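Chain residues, written in single-letter form:
2 protein chains.
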Amino acid sequence: MTNRPADKDPRDGKEAQFAGMRCVALCGGVGGAKLAVGLDALLVPENLTIITNTGDDFVHLGLHISPDLDTVMYSLAGLANPDTGWGRAGESWRFMSALRALGGEDWFQLGDLDLATHIERSRRLAAGESLSAVTRDLGARLGVAPALVPMSDAPVRTIVDTPDGALAFQHYFVRDKCAPAVTGFRFAGAETAQPAPGALAALGDPALDAIIICPSNPFVSIDPILAVPGMREAIAAAPAPVIAVSPIVGGQAIKGPTAKMMRELGVPGDALAIADHYAGLLDGFVLDATDQPLARQIRDRELQCLVSDTLMTGYEEKLALARAVLQFVQQMQQKAT
Amino acid sequence: MTNRPADKDPRDGKEAQFAGMRCVALCGGVGGAKLAVGLDALLVPENLTIITNTGDDFVHLGLHISPDLDTVMYSLAGLANPDTGWGRAGESWRFMSALRALGGEDWFQLGDLDLATHIERSRRLAAGESLSAVTRDLGARLGVAPALVPMSDAPVRTIVDTPDGALAFQHYFVRDKCAPAVTGFRFAGAETAQPAPGALAALGDPALDAIIICPSNPFVSIDPILAVPGMREAIAAAPAPVIAVSPIVGGQAIKGPTAKMMRELGVPGDALAIADHYAGLLDGFVLDATDQPLARQIRDRELQCLVSDTLMTGYEEKLALARAVLQFVQQMQQKAT
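Chains A and B supply the protein sequences, listed in that same order.
Using this note's numbering, you'd call the opening residue of the first sequence number 1 and step up by one each time.
Using this note's numbering, you'd call the opening residue of the second sequence number 338 and step up by one each time.
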């Protein structure tokens, strides 16, 4: 078991220019996790809090599964499968093949290694531990250094509304492969949920330099976080600037159903619509170079705009985007003073 | 996935001389499962019911684990690990290694393939299915032909009393490797348990030819079955003869702690003490050839006695012992007429 991504910068990545910076990242799975890896490489662990979506958590085969938390945890631990965007590298599937032979449900893939996370998490939750405590401990065991915080310890479940009725998120996302058209989203349980311990304190920290909304799906990765009472308010009230990185590049989602959802919801399928989605929260916005022509409209909305390469195809690109975002924050701070 | 033991008799084992015979076997794990494999090879499936100990079932990591049921199921399915006496052949341990890295409990080995059984069983039990229904269905999926019946659908848990206090069975057996001295056994929950569906009907079947107590540990494999209210009474009242096969050969248990337990309980450590343990229930007793000198004392107890080779080192030996036991039953029937 390694506690370093195989491709992590041998100099450990920490750069003097970012030594004192303190950030909170809001993040979902794949795209968000990539930027989180870049931020983790540049910032000292004590200065990075990653608040992660748990709206797509579900109980499957009796196990509590937290897909986004796991993607972020495996990514930060250097254990993520770089090909799939979920699960562990070097995974094996013997459990699944045996389950199939027993007639078990096999639409959700659970690798032999990954299963240990779900079983241990489920056991601890059943024993009364909180999701945030379990997340912290499992992460520590795997060598995750920054604070990885679920959005809430309470269950908040993303429900996907479709013309044929409501679907639990993983049924929509994995079982039905995002085929149904979406008409809207709900976050069951959000009304009574509270932000997980540490989330509000990190957002309201007077020494915080930035809140970074990672390039995750706004509807099903970031909105669930914002739906937890107190979370949106804390972000809006934070003294730190709020910066979103667009998950849409050239009208396409890099991975996942974001663009398809935007079409189905009647929203223009471009980065501008992402900025508008977060209207009222943002101070800055990061566009991909492909979308340079939209920069003027972003600035017309009184947002600072950074144009950068947002396709994080490898480790160096994750680091480069994180570096660009942090430098953007520093520029915003210089302008403000 | 095969539904035949790799070493199963190519003629399918069924022999004309046993074509119409109908038996119930009472059985625990290893030794019992071996004889069950032999009986399964000789009898037509409709004529064999295997009532299996569930006193060593437990909930571990949130999963319902039934070690003896699984050993019998895997043995009958030809999937058992011939080296360990438990678990599946060709097993892998990636889940366990990942669990260990997360700080999970690792004293009870759960293979990647085996885990599918525990997860699917646990899921179905949680959904309200009975253990006997789940056992029947999982067995059918794996190609188990005879009726495999847990002793009860209710939890009955073997408690091992020691000078230092009571231990749950798997803590004694696996975690503590049978090291503590035993002073007695209790079967928690037995008072209110009922025999699983089919057990009493099979035992009371007027067409039954024999009830065979397999060479399993009398204290922790057979006694839990007998502790389920109605079970001992049904065996005592059954018109069919009751035959026990000794799990003790030359004063030693073939596998497991039987002989050690007998010493600790102050019981003579020989096959005779096994016959005495079942006093009042038996009509016949099967001794190993090594214990031939005890045959006279067995007969002095007014039991029919068969001396045979009871060490089931391979498939042919399982078949041979099963054949010898069934012929013994036929001889008893001829004497009786």
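I should point out that these hints are in silico values taken from the structure, not numbers from a laboratory.
As the structure is a prediction and not an experimental result, all values here were calculated from the model.
Just so you know, even glycine gets a beta-carbon here, dropped at the ideal spot from N, CA and C.
Possibly wrong hints are sitting among the right ones.
[As the list claims (entries may be wrong)] Have a look at the derived ranges for each label pair, beta carbon to beta carbon: (1) B:463 with A:175: 19 to 29 angstroms; (2) B:502 with A:128: 18 to 28 angstroms; (3) B:501 with A:237: 56 to 66 angstroms; (4) B:535 with A:128: 32 to 42 angstroms; (5) A:97 with B:541: 33 to 43 angstroms; (6) B:467 with A:128: 50 to 60 angstroms; (7) A:168 with B:543: 48 to 58 angstroms.
Tested hints:
{"no.": "1", "hint": "B:463 with A:175: 19 to 29 angstroms", "result": "holds (20 angstroms)"}
{"no.": "2", "hint": "B:502 with A:128: 18 to 28 angstroms", "result": "holds (25 angstroms)"}
{"no.": "3", "hint": "B:501 with A:237: 56 to 66 angstroms", "result": "holds (59 angstroms)"}
{"no.": "4", "hint": "B:535 with A:128: 32 to 42 angstroms", "result": "holds (39 angstroms)"}
{"no.": "5", "hint": "A:97 with B:541: 33 to 43 angstroms", "result": "holds (41 angstroms)"}
{"no.": "6", "hint": "B:467 with A:128: 50 to 60 angstroms", "result": "violated (29 angstroms)"}
{"no.": "7", "hint": "A:168 with B:543: 48 to 58 angstroms", "result": "holds (53 angstroms)"}
In summary, the one numbered hint that this structure violates is 6.
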